[in-house]
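Enquirer: Chain by chain, the residues:
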Amino acid sequence: MRRVLLFAAAVSCSATTAAFAHHSYAATYDVTREVKLEGRLVQFVYRNPHSFVHIVAPDDKGVEQRWAVEWSGTTQLGNSGVNKETLKVGDHVVIMGRPSRVPGEYRALMLTLKRPSDGFAWGSAGQQVD
Amino acid sequence: MHARLLAFTAAMLAIVPLSAQPPRPANPTDIAGEWTLTNNEEDTTAQPPLGDYLGIPFNAAGRQRADTTAESIWGTPEYQCRPHSAPHQWRGLGGARILKEQDPLTRDVRAYHVQFMRSLDWPIFMDGRPHPPAWAPHSWTGFSTGQWIGNTLKVTTTHLKDGYLKRGGPQTSDMYSMTDYITRHDEILTIVTVVDDPIYQDEPYVESTTYTIDLASNVAMETCNGSSFAENGGTDRHHVPHFLPGQNTALTEWLKKDDWIPVEPTRGGANTIYPEYRSGAKAFPASRSAVAPEKDIAAQSPRDGQVHVLPVQGNVYMLVADGTNITVSMGADGVMVVDTGAAAMSDKVLAAVNQLASSAVTPPAPNACFGANCPGSWGWASPYMNAIISSPAPPKPIRYIVNTSAAPEHVGGNEKLATAGFFPRGGGFGSAVSNVGRVASIVAHENVLNRMSTPAGPGAKAAPAAAQPTDTYFDEFHKLPEYFNGEAVILYGAPAATTDGDSLVFFRHSEVISAGGLFSTVSYPVIDLEKGGSIQGVIDGLNRILDLAVAEYRGQGGTWIVPGRGRLSDTADVASYRNMVTIIRDRVKDLIGKGMTLQQVKAARPTLDFDGRYATVAAGAWTADSFVEAVYRSLQEKK
Chain L
1 MRRVLLFAAA
11 VSCSATTAAF
21 AHHSYAATYD
31 VTREVKLEGR
41 LVQFVYRNPH
51 SFVHIVAPDD
61 KGVEQRWAVE
71 WSGTTQLGNS
81 GVNKETLKVG
91 DHVVIMGRPS
101 RVPGEYRALM
111 LTLKRPSDGF
121 AWGSAGQQVD
Chain U
1 MHARLLAFTA
11 AMLAIVPLSA
21 QPPRPANPTD
31 IAGEWTLTNN
41 EEDTTAQPPL
51 GDYLGIPFNA
61 AGRQRADTTA
71 ESIWGTPEYQ
81 CRPHSAPHQW
91 RGLGGARILK
101 EQDPLTRDVR
111 AYHVQFMRSL
121 DWPIFMDGRP
131 HPPAWAPHSW
141 TGFSTGQWIG
151 NTLKVTTTHL
161 KDGYLKRGGP
171 QTSDMYSMTD
181 YITRHDEILT
191 IVTVVDDPIY
201 QDEPYVESTT
211 YTIDLASNVA
221 METCNGSSFA
231 ENGGTDRHHV
241 PHFLPGQNTA
251 LTEWLKKDDW
261 IPVEPTRGGA
271 NTIYPEYRSG
281 AKAFPASRSA
291 VAPEKDIAAQ
301 SPRDGQVHVL
311 PVQGNVYMLV
321 ADGTNITVSM
331 GADGVMVVDT
341 GAAAMSDKVL
351 AAVNQLASSA
361 VTPPAPNACF
371 GANCPGSWGW
381 ASPYMNAIIS
391 SPAPPKPIRY
401 IVNTSAAPEH
411 VGGNEKLATA
421 GFFPRGGGFG
431 SAVSNVGRVA
441 SIVAHENVLN
451 RMSTPAGPGA
461 KAAPAAAQPT
471 DTYFDEFHKL
481 PEYFNGEAVI
491 LYGAPAATTD
501 GDSLVFFRHS
511 EVISAGGLFS
521 TVSYPVIDLE
531 KGGSIQGVID
541 GLNRILDLAV
551 AEYRGQGGTW
561 IVPGRGRLSD
571 TADVASYRNM
581 VTIIRDRVKD
591 LIGKGMTLQQ
601 VKAARPTLDF
611 DGRYATVAAG
621 AWTADSFVEA
631 VYRSLQEKK
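Protein sequences appear in the order of chains L and U.
1 is the number of the first residue of the first sequence in the working numbering; add one for each residue after it.
1 is the number of the first residue of the second sequence in the working numbering; add one for each residue after it.
Excised from the complex, chain L in its bound form (with noise of 0.2 Å):
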């Protein structure tokens, strides 16, 4: 299962040329650096034009945030597999991301993401979604 999912991804990465980005990622999002977060999914907000995973997890000082984590529109995450019901609020997820460029902001860009109760995941390093 888990090698269907990655397979879609990295076709839809590399076939579409729909990555109709609204906002610049490169600019959003320290493309040098990865953040590692762990936590809870407390939403998913499977929309247009880009896609967001809610989840409460820690900074790097241990404290509870609330982190938006940007993800692929409903076009680009349906060719990959994932649909609306794939998530679930509470689930325990594990996400590497890039960390925004501005200091103190709780958000990252998707690089990867795992569902250890399941083993399902998504992505891999060199498939974000930019």
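Keep in mind the hints are simulated off the structure, nothing from the lab.
Everything numeric in this text was worked out from a predicted model, so none of it was measured.
Virtual Cβ for every residue (Gly too), placed ideally from N, Cα, C.
Mixed in with the good hints there might be a few duds.
To be verified - Okay, the calculated beta carbon distance ranges per label pair:
#: 1; chain 1: U; residue 1: L99; chain 2: L; residue 2: R66; range: 41 to 47 Å
#: 2; chain 1: U; residue 1: V263; chain 2: L; residue 2: R66; range: 37 to 43 Å
#: 3; chain 1: L; residue 1: N83; chain 2: U; residue 2: T252; range: 37 to 43 Å
#: 4; chain 1: U; residue 1: R110; chain 2: L; residue 2: N83; range: 43 to 49 Å
#: 5; chain 1: U; residue 1: N39; chain 2: L; residue 2: R66; range: 49 to 55 Å
#: 6; chain 1: U; residue 1: P265; chain 2: L; residue 2: K84; range: 53 to 59 Å
#: 7; chain 1: L; residue 1: N83; chain 2: U; residue 2: T38; range: 53 to 59 Å
#: 8; chain 1: L; residue 1: R66; chain 2: U; residue 2: E187; range: 47 to 53 Å
#: 9; chain 1: U; residue 1: E276; chain 2: L; residue 2: K84; range: 53 to 59 Å
#: 10; chain 1: L; residue 1: R66; chain 2: U; residue 2: K257; range: 31 to 37 Å
#: 11; chain 1: L; residue 1: K84; chain 2: U; residue 2: Q247; range: 36 to 42 Å
#: 12; chain 1: U; residue 1: D625; chain 2: L; residue 2: N83; range: 39 to 45 Å
#: 13; chain 1: U; residue 1: G305; chain 2: L; residue 2: K84; range: 55 to 61 Å
To be verified - Over 12 Å on every C-beta distance to chain L, these chain U residues come out as not near it, computed from the model:
#: 14; residue: Q147
#: 15; residue: P275
#: 16; residue: P424
Position chain U relative to chain L; hints supplied.
Expert: Relative to chain L, chain U alone:
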């Protein structure tokens, strides 16, 4: 009869501007169709790396604005669904559709409509209509008129909102004009765009884009669903992302790869865009801006001794009265006036209100009913006959005056307008109790009454009793006890904002907010520390407006906001102003944290990138230094 005809013709010629029907070429090119983006001189996404300002004729303000702009600003609730800025639209992905709207009889093209994947409809009017007055709202697409010059359609666009020249940093003010030259050569469409923004540029910026006809394409419409916390995370819905000057370390990141490019030209500047720059020349040609920002900003709030009327929405009108905006609600219950302007303008304001009331509330209505039982005035078969023959009923008087603060431009006309009005206080058979007086109710925060009745300072005189508020409140908000003109009207207090008595007024059904001195499109907020004002109070007040207001679509329209001075605005405009004020607050705070004195803070120019917009002659005596000092002292008081 012949003489009458001549006179009529002459009169018609006199009122129709010569530009009403621009000449058409014999065989105008048809630019309508579905077009595919082919290329521009950079790439197909117009997404340069952070800090790449090559080819942009930036001035110092434009450079600082670009350096300190965070792309995360897209995540704020008001901007999540904004379309691409006008200069970027031609370069955004997804193609372009050009439609033509034709007169069914003459087949003249009345307007072209351009649509992109991430845009609102962009009409280009071809019928010679004039551009709106300066106090009219700005929009994402602006107001455009077109004129054929040979085989090229010249499109002139004004009334644009502020936005970005390119993604990732370079910004535009809201005072720029854009001129597109659209030329079709067989299946190729070439667009040369001139962005003329003297607030941020030393000379106009020129770019070109090429499209190819594509009969098989169909420009899609991308949906957008924004929400308060959707994008930026955290729990502060009023978070304003930005970099402090010098904080954005990513500006030269791209030069690590493209290390053959010297840093200097990447910072932009008029000189760097000319070929002579490479050979080390010191003198350069220069093209001049056609935009006069000082004049254009002043025109949004003209001090011309006149009263200009702009219908807003529902019951509400905006009067532009010699440098002050007055918000007026008209309807069957009477008139409500929010702020009364300067005392010297009272007669003209009153005349404008009366004329508006006559034309807006009691015009003869065409008869839609025949017989003795039609709705309308009792005893008449025809409301139309009643209106015409017995003359219409006089408009209802001014019932309420609301003061958003005690500033002279907000209360100056109180006495004259109040005594011309009538609030039925006391009531009784036949008329109000005689000893109550026939005056309008004046509603304001309690501190407005305090300022006007017992002003502080040596030699300060109380305002005439007839000018003082008659009904005050002291807590978070004040609801008028019942509907007025069919809607709820609510005053929200803005504690310690420009003064300690500020209110904003929300017309809940008309969806209009009168912001008073909290918001101006021609100056920085005028904060009176001596009268209890503070920078944080202003920011909180602006955020309150944004919490109440809802955009109609894509961050535009919807709830209209009447500023104390300047053009009619919407949520995106208030957000832009709130962002500016917050950014300056943060910069001053940072400089204070570094131990700087007031003089050092002023010398650091924390308002550099906004002074061309908000510290012009239109702002009068309230200079950039005045504002910085108020922010500095306000933050010091807080410590």
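Enquirer: Give a verdict on every hint.
Expert: Hint check:
| no. | hint | result |
| --- | --- | --- |
| 1 | U:L99 to L:R66: 41 to 47 Å | holds, 44 Å |
| 2 | U:V263 to L:R66: 37 to 43 Å | holds, 39 Å |
| 3 | L:N83 to U:T252: 37 to 43 Å | holds, 42 Å |
| 4 | U:R110 to L:N83: 43 to 49 Å | holds, 45 Å |
| 5 | U:N39 to L:R66: 49 to 55 Å | violated, 42 Å |
| 6 | U:P265 to L:K84: 53 to 59 Å | violated, 48 Å |
| 7 | L:N83 to U:T38: 53 to 59 Å | violated, 35 Å |
| 8 | L:R66 to U:E187: 47 to 53 Å | holds, 51 Å |
| 9 | U:E276 to L:K84: 53 to 59 Å | holds, 57 Å |
| 10 | L:R66 to U:K257: 31 to 37 Å | holds, 35 Å |
| 11 | L:K84 to U:Q247: 36 to 42 Å | holds, 38 Å |
| 12 | U:D625 to L:N83: 39 to 45 Å | violated, 57 Å |
| 13 | U:G305 to L:K84: 55 to 61 Å | holds, 60 Å |
| 14 | Q147 | holds, 32 Å |
| 15 | P275 | holds, 29 Å |
| 16 | P424 | holds, 52 Å |
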